[in-house]
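According to full-length UniProt numbering, the residues represented by the sequence shown are 1 to 143, in order.
Derived from the structure by calculation, the hints contain no laboratory data.
Fair warning: there could be bad hints in the mix.
What the hints assert, rightly or not - Lysine-lysine pairs mimicking DSSO-like chemistry, simulated, CA-CA at most 30 Å apart:
(1) Lys126 / Lys68
(2) Lys68 / Lys92
(3) Lys92 / Lys72
(4) Lys72 / Lys51
(5) Lys51 / Lys68
(6) Lys135 / Lys92
(7) Lys135 / Lys72
(8) Lys119 / Lys135
(9) Lys51 / Lys135
(10) Lys51 / Lys119
(11) Lys51 / Lys92
(12) Lys92 / Lys119
(13) Lys119 / Lys68
To be verified - Label pairs and their in silico Cβ distance ranges:
(14) Arg20 / Leu73: 42 to 50 Å
(15) Gly133 / His74: 16 to 24 Å
(16) Met97 / Gly46: 29 to 37 Å
(17) Asp100 / Leu17: 42 to 50 Å
(18) Met14 / Asp100: 20 to 28 Å
(19) Glu64 / Met43: 36 to 44 Å
(20) Cys39 / Arg116: 38 to 46 Å
(21) Ala129 / Arg50: 26 to 34 Å
(22) Met102 / Arg13: 50 to 58 Å
(23) Thr115 / Arg50: 48 to 56 Å
(24) Ala19 / Cys39: 46 to 54 Å
Positions of the beta carbon are idealized from the N, C-alpha and C atoms, including for glycine.
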Amino acid sequence: AVWGVDFGRRARRMLRLAARRMAASAKSSWDGQVMADVCIVPMGQGVSVRKEVTEVERLLREREAQGKIVCKLHGYGTNISGHWDDVMGAIKDAHAMLHDRMGVLRITSNMRFGTRVDKAQSIEDKVSAVEEGLKGGHEAAGS
């Protein structure tokens, strides 16, 4: 019985298999590519956060110049791509810089990210696929 419920032999076997798979994946040291869309917002800094956002972008572009990430500023944040640890490290360092160097007491961030292992795809590849679809007037394939 699991949590006081007898699921039956087949269900118990499935639970054991799922637990093994989860344990095996936890041991993985996967360091694959990730593409993130990040919006970092310093709070309590007044109406304009241009100064803080500029410094975050400067930090990200320094990482890009080092070849660690690729970033593209847009109207409500930044797209960042690269290896998982490099992207997450850059986001962590942006928070640390705002707190430590700029004295920001509170930060709220929104982040969406995606990974794929079937093919390599850049930020520009994704945008180009949609642009091509718009030119042709039909769905973009392979996005």
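Going through the hints against the structure:
A C-alpha spacing of about 20 Å is found between Lys126 and Lys68, which places the hinted pair at or below 30 Å, so the restraint holds. For the suggested pair Lys68 and Lys92, the alpha carbons sit about 14 Å apart, so the restraint of at most 30 Å is met. For a cut-off of 30 Å, the pair hint linking Lys92 to Lys72 stands: about 18 Å separates their Cα positions. The straight-line distance between the Cα atoms of Lys72 and Lys51 is roughly 18 Å, inside the 30 Å bound, and the hint therefore holds.
Among the hinted pairs, Lys51 with Lys68 is consistent with the structure: their alpha-carbon atoms are about 24 Å apart, no more than 30 Å. For the proposed pair Lys135 and Lys92, the alpha carbon gap of about 39 Å is over 30 Å, so the pair is violated. Proximity of Lys135 to Lys72 is assessed by CA-CA distance (about 23 Å); at most 30 Å being required, the pair is judged to hold. With a CA separation close to 24 Å, the supplied pair Lys119 and Lys135 stays within the 30 Å bound.
Proximity of Lys51 to Lys135 is assessed by CA-CA distance (about 38 Å); at most 30 Å being required, the pair is judged violated. Restraint check for Lys51 and Lys119: not satisfied, since their Cα atoms lie roughly 37 Å apart, outside the 30 Å limit. Of the pairs offered as hints, the one joining Lys51 and Lys92 holds, with about 18 Å between alpha carbons and a cut-off of 30 Å not exceeded. Between Lys92 and Lys119 the alpha-carbon distance is near 27 Å, which keeps this suggested pair within the 30 Å criterion.
At most 30 Å may separate the alpha-carbon atoms for a hinted pair to count; Lys119 and Lys68 meet this at roughly 19 Å. Between Arg20 and Leu73 the beta carbon distance is about 44 Å. The supplied range of 42 to 50 Å therefore holds. Judged by the Cβ atoms, the range 16 to 24 Å given for Gly133 and His74 holds: they are separated by roughly 19 Å. The supplied range of 29 to 37 Å is broken by Met97 and Gly46, whose beta-carbon atoms lie about 19 Å from each other.
Our hint of 42 to 50 Å for Asp100 and Leu17 holds, since their Cβ atoms are close to 46 Å apart. Between Met14 and Asp100 the C-beta distance comes to about 48 Å, which lies outside the given range of 20 to 28 Å. Evaluation of the 36 to 44 Å hint for Glu64 and Met43 yields a failure: the beta carbon distance comes to about 26 Å. A C-beta distance of roughly 22 Å is found between Cys39 and Arg116, which places it outside the suggested range of 38 to 46 Å.
About 32 Å separates the C-beta atoms of Ala129 and Arg50, a value consistent with the hinted range of 26 to 34 Å. Separated by about 55 Å at the C-beta atoms, Met102 and Arg13 satisfy the suggested range of 50 to 58 Å. Judged by the Cβ atoms, the range 48 to 56 Å given for Thr115 and Arg50 is violated: they are separated by roughly 32 Å. For Ala19 and Cys39, the hinted distance range of 46 to 54 Å is not satisfied, since their beta carbons lie about 37 Å from each other.
Going through the hint list in order, the structure does not satisfy hints 6, 9, 10, 16, 18, 19, 20, 23 and 24.
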